[in-house]
Amino acid sequence: MEVARFVVVLRNPKSVLVSNHIASYGTVTDYFDVVPTYDQSIDAMLTDSQDQHLYGTWFNHISTWWVNRDKMMGNIHFIFYEDMKKNMEDVIKGLGMFLNKNVSNDRIEKMVEYLQFEQMLKDSKTGKAFENFNLPVDADAFKCAHMRTGVIDDWKTKLTVAQSERMDEYLRPKLDKIGLEFQYE
249 MEVARFVVVL RNPKSVLVSN HIASYGTVTD YFDVVPTYDQ SIDAMLTDSQ
299 DQHLYGTWFN HISTWWVNRD KMMGNIHFIF YEDMKKNMED VIKGLGMFLN
349 KNVSNDRIEK MVEYLQFEQM LKDSKTGKAF ENFNLPVDAD AFKCAHMRTG
399 VIDDWKTKLT VAQSERMDEY LRPKLDKIGL EFQYE
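The letter at position 116 of the sequence shown is residue 364 when you use this note's numbering, and the numbering goes up by one with no holes.
Hints in this document: simulated from the structure, not taken from any laboratory.
On a predicted model such as this, the values are computed, not experimentally measured, just so you know.
Here are the simulated DMTMM-like pairs of lysine to aspartate or glutamate, each with C-alpha atoms no more than 20 Å apart in a straight line:
#1 Lys341 with Asp331
#2 Lys333 with Glu357
#3 Lys333 with Glu433
Label-pair restraints from in silico Cβ distances:
#4 Val409 with Phe365: 22 to 30 Å
#5 Asp354 with Asp287: 44 to 52 Å
#6 Val399 with Asp371: 15 to 23 Å
#7 Asp287 with Gln431: 20 to 28 Å
#8 Thr295 with Ala271: 15 to 23 Å
#9 Gln288 with Leu363: 31 to 39 Å
Think of the CB as a built atom: it goes at the ideal place given N, C-alpha and C, for glycine as much as any other residue.
Produce the entire structure from the sequences given, and follow the hints as far as they go.
So, in structure tokens, the structure goes:
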């Protein structure tokens with residue numbers, strides 16, 4: 249009998265917050281009388297109250313996968329977005345091993361090239377994800393792009409030092425407790 253296998257992609261919480269904030273509010277400002285601030289988005293993320301979120305909190309979601317990884321008996325593979333940006337070749341090789349697929353070096357090289365953010369931006373098949381969606385006539389085009397920068401530390405352009413430190417104070421003890429570390433740059 250085949251057993252389900254899971255690939256879980258994780259990204260550092262500061263980048264997740266900024267991406268979620270922009271995706272949630274940056275494209276639909278016409279529907280809000282007042283668009284929430286980053287402080288309000290941080291308030292919503294830094295809570296143990298599951299009923300504050302449609303699908304639970306970010307930490308609850310990622311920690312459930314992480315703490316149960318041993319119970320999954322090798323049927324779960326974690327990929328960190330930051331690792332994809334720093335060394336896509338190793339990420340592809342690791343995923344191939346997890347899926348028991350023998351991937352040639354030539355194929356890996358082509359995949360590494362194809363999966364670069366800049367390449368996807370230029371490619372007519374994937375470039376549409378960078379185009380505006382549901383763009384109101386007077387909207388700022390950059391705000392409505394589905395994919396924005398493709399960099400690891402863009403959160404630094406949106407969050408203040410105080411906001412970053414506040415997230416660290418709340419999340420660091422929780423992440424330390426479950427043994428999960430993220431890269432922020």
